[in-house]
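Q: Residues per chain are reported as follows:
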Amino acid sequence: TQLLEQSPQFLSIQEGENLTVYCNSSSVFSSLQWYRQEPGEGPVLLVTVVTGGEVKKLKRLTFQFGDARKDSSLHITAAQPGDTGLYLCAGAGTGGFKTIFGAGTRLFVKA
Amino acid sequence: DTAVSQTPKYLVTQMGNDKSIKCEQNLGHDTMYWYKQDSKKFLKIMFSYNNKELIINETVPNRFSPKSPDKAHLNLHINSLELGDSAVYFCASSQGPRGGTDTQYFGPGTRLTVL
Chain A
518 TQLLEQSPQF
528 LSIQEGENLT
538 VYCNSSSVFS
548 SLQWYRQEPG
558 EGPVLLVTVV
568 TGGEVKKLKR
578 LTFQFGDARK
588 DSSLHITAAQ
598 PGDTGLYLCA
608 GAGTGGFKTI
618 FGAGTRLFVK
628 A
Chain B
67 DTAVSQTPKY
77 LVTQMGNDKS
87 IKCEQNLGHD
97 TMYWYKQDSK
107 KFLKIMFSYN
117 NKELIINETV
127 PNRFSPKSPD
137 KAHLNLHINS
147 LELGDSAVYF
157 CASSQGPRGG
167 TDTQYFGPGT
177 RLTVL
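Chains A and B, in that order, are what the protein sequence lines are. In this note's numbering, each residue's number is its place in the first sequence (first place is 1) plus 517. In this note's numbering, each residue's number is its place in the second sequence (first place is 1) plus 66.
No lab work stands behind these hints: they were computed from the structure. Don't take every hint at face value.
Said to hold, decoys possible - For lysine-lysine, the following DSS-like pairs were computed, each having C-alpha atoms within a straight-line distance of at most 25 Å:
{"no.": "1", "chain 1": "B", "residue 1": "Lys110", "chain 2": "A", "residue 2": "Lys587"}
{"no.": "2", "chain 1": "A", "residue 1": "Lys587", "chain 2": "B", "residue 2": "Lys106"}
{"no.": "3", "chain 1": "A", "residue 1": "Lys627", "chain 2": "B", "residue 2": "Lys106"}
Stated by the list, open to error - So, partial list: chain B residues that the calculated Cβ filter (under 8 Å) puts toward chain A:
{"no.": "4", "residue": "Ser105"}
{"no.": "5", "residue": "Lys106"}
{"no.": "6", "residue": "Lys107"}
{"no.": "7", "residue": "Ile111"}
{"no.": "8", "residue": "Ser114"}
{"no.": "9", "residue": "Pro132"}
{"no.": "10", "residue": "Thr167"}
{"no.": "11", "residue": "Thr169"}
{"no.": "12", "residue": "Gly173"}
From a predicted model like this one, the values you see are computed outputs, not experimental measurements. Positions of the beta carbon are idealized from the N, C-alpha and C atoms, including for glycine.
With the hints as extra help, turn the sequences into a complete structure.
A: Given below as structure tokens:
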């Protein structure tokens, strides 16, 4: 069974601080995605990484896919209150048809 | 211009009742999904349809029956509701069938509470 574990589960930081969220598995994934979900809404895709070692940047967010394609990280520089939300990593299950989600990291950025 | 819409937004009902949740997407996508998000925010795939054909059917009780009348609609009917069915149900769509690599667009969710 393919599982994705996210850490930390909860993170509360001050505006301006940096943070890293991790997504780990013992299984190899053909791709990993990161979503952000705000209260009362559905998840919104932030990025998809498909190549081992790949790094993608989205403004202050940096995503990395592990060389062995078993893990990924999301780094946020100078966090802002607008970054508050639930961050979910998701991997393509065998065949790519099924999406397996991690349990999420709940981020709260205080002004 | 809602891309993926669900109705109702909230659903409160008694145990044993039958209820339906409707989903529509106006993105022209070929694939639609139903997910269940429990109280711990864990999101799990239930079903997916590609061009009205069922392609993913996870281990879900038979009380849950999806129906796709056309590519733009995927409804979820639940019979004999149980307390454990209480959750937020999300509909999503993507252009291709590979949800793990394609971009999925999620609806706003339906919060189901079974009393």
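Q: With reference to the structure, classify each hint as holding or not holding.
A: Hints, verified against the model:
Taking the CA atoms of Lys110 (chain B) and Lys587 (chain A), the gap is about 20 Å. The hint holds against a cut of 25 Å. As the CA atoms of Lys587 (chain A) and Lys106 (chain B) are separated by approximately 24 Å, the hinted pair is consistent with the 25 Å bound. Pair hint Lys627 (chain A) plus Lys106 (chain B) holds up; C-alpha atoms about 22 Å apart against a cutoff of 25 Å. About 12 Å separates the beta-carbon of Ser105 (chain B) from the nearest beta-carbon of chain A, more than 8 Å, and the hint is not met.
Contact between Lys106 (chain B) and chain A, as hinted, is supported at the beta carbon level, the nearest pair being about 7 Å apart and thus within 8 Å. The restraint placing Lys107 (chain B) at the interface with chain A holds, with a minimum CB-CB distance near 5 Å, inside the 8 Å limit. Annotation: Ile111 (chain B) was flagged as interfacial toward chain A, and the flag holds, the nearest CB pair being 6 Å apart, inside 8 Å. For Ser114 (chain B), the shortest C-beta to C-beta distance to chain A is roughly 7 Å, which falls under 8 Å, so the interface hint holds.
Taken as an interface hint, Pro132 (chain B) does not check out: its beta carbon lies about 15 Å from the nearest beta carbon of chain A, beyond 8 Å. With 8 Å as the threshold, the beta carbon of Thr167 (chain B) comes within range of chain A, its nearest partner Cβ sitting at about 5 Å, so the hint holds. Hint status for Thr169 (chain B) relative to chain A: holds, with the closest Cβ pair at about 5 Å, below 8 Å. Hint status for Gly173 (chain B) relative to chain A: holds, with the closest Cβ pair at about 5 Å, below 8 Å.
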